[in-house]
Amino acid sequence: MLYLLDKQTGRIAKQRQSPKAIFFEMDRNTVLFHGQPKDHLEALYAALDDKAAADLQNVLLSRKASLEAVVSIVALASSLKWRIPASDPQFGRLKEELSLADLKAEIRPIDQANPVDLNALNQLVDSDAIKEAKRILLPLLPLFDENKLTDIHANWFIHSQPDERFPSVIGDCPVLERPNADYSKLEDFIFPLSATDTFIYKHGAQKRIKSPIFTIQKDLATLHYSTRYVACMSKTHLETIMQMYSVMQAQNQVEKLTELLFDFIA
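Heads up: the sequence shown is residues 1 to 266, going by our numbering.
None of these hints come from the bench; they were simulated from the model.
Computed from a prediction, not measured in an experiment: that's the story for all the values here.
It cannot be assumed that every hint is accurate.
Computed list of lysine-lysine pairs in DSBU-like fashion (alpha-carbon distance at most 30 Å, straight line) [unchecked claim]:
| no. | residue 1 | residue 2 |
| --- | --- | --- |
| 1 | LYS95 | LYS64 |
| 2 | LYS104 | LYS148 |
| 3 | LYS95 | LYS131 |
| 4 | LYS7 | LYS134 |
| 5 | LYS104 | LYS134 |
| 6 | LYS185 | LYS104 |
| 7 | LYS51 | LYS95 |
| 8 | LYS207 | LYS148 |
| 9 | LYS256 | LYS235 |
| 10 | LYS185 | LYS64 |
| 11 | LYS104 | LYS202 |
Model the full assembly from the supplied sequences, consistent with the hints where possible.
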């Protein structure tokens, strides 16, 4: 159970809540298909989440990961990057600008012996259902970069912060990525695994944290990039992060949070 901060009101809820109640996506992945609401995207996300959950559990227990497990984690992180509210403005532009070919996808008739109704095909390609499906296709692009996947496999590590006074802050923007303008790439990123463990990838990393301040910096960045909801097991720690963030806002330093965060990783 977690203490919940609503950024819109600036208040922490009195009663603790379950993560599912806080971060449930509430029909965000339901789209109209032939006028009927369908949740096919949600089913795909559920399958990905189930696969990644098993791999994440194994990684947490063993502190080791096969290339296949790393690909699973990267797929989850990449999908979360695009399915969160913070990505909506950018995705809204990209779903109109990018073709299926840009996303390494195409629509083919089941029976290619029959002539194709081009008008019907164009209507399908321009439909809201296909445009929303691009939210599934976008996260797959980093998986085509074999060199990047190999690099992540070589340079990932888990940072553990066992002090129960400072459990990780989580938000509706779970993946913290080094600023990246290329929609097809996944750069250095940080991904929470539990209240104490964080999955980290940084190119060329020595796999160590330079300062314990990293934990605070990570929580501040999570608060900054989350759209609405932020939560933590400790109300005291959450309040402290809120106070520190307010000070940084007053000093116009919040835009440097991600840059500073990755500087703490050696």
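Here's how the hints hold up against the structure:
1. Distance restraint check for LYS95 and LYS64: the Cα-Cα separation of roughly 37 Å exceeds the 30 Å cut-off, and the hinted pair is therefore not satisfied.
2. About 18 Å separates the Cα atoms of LYS104 and LYS148, which keeps this hinted pair within 30 Å; it holds.
3. Taken as a hint, the LYS95 and LYS131 pair is honoured in the structure, with Cα atoms around 5 Å apart against an allowance of 30 Å.
4. With a C-alpha separation of about 29 Å, the suggested pairing of LYS7 with LYS134 holds against the 30 Å cut-off.
5. The straight-line distance between the Cα atoms of LYS104 and LYS134 is roughly 11 Å, inside the 30 Å bound, and the hint therefore holds.
6. With a CA separation close to 14 Å, the supplied pair LYS185 and LYS104 stays within the 30 Å bound.
7. Distance restraint check for LYS51 and LYS95: the Cα-Cα separation of roughly 26 Å lies within the 30 Å cut-off, and the hinted pair is therefore satisfied.
8. With a C-alpha separation of about 17 Å, the suggested pair LYS207 and LYS148 falls inside the 30 Å cut-off, and the hint holds.
9. For the suggested pair LYS256 and LYS235, the alpha carbons sit about 25 Å apart, so the restraint of at most 30 Å is met.
10. Pair hint LYS185 plus LYS64 holds up; C-alpha atoms about 24 Å apart against a cutoff of 30 Å.
11. For a cut-off of 30 Å, the pair hint linking LYS104 to LYS202 stands: about 27 Å separates their Cα positions.
Against the hints set out earlier in the document, a violation occurs for number 1 only.
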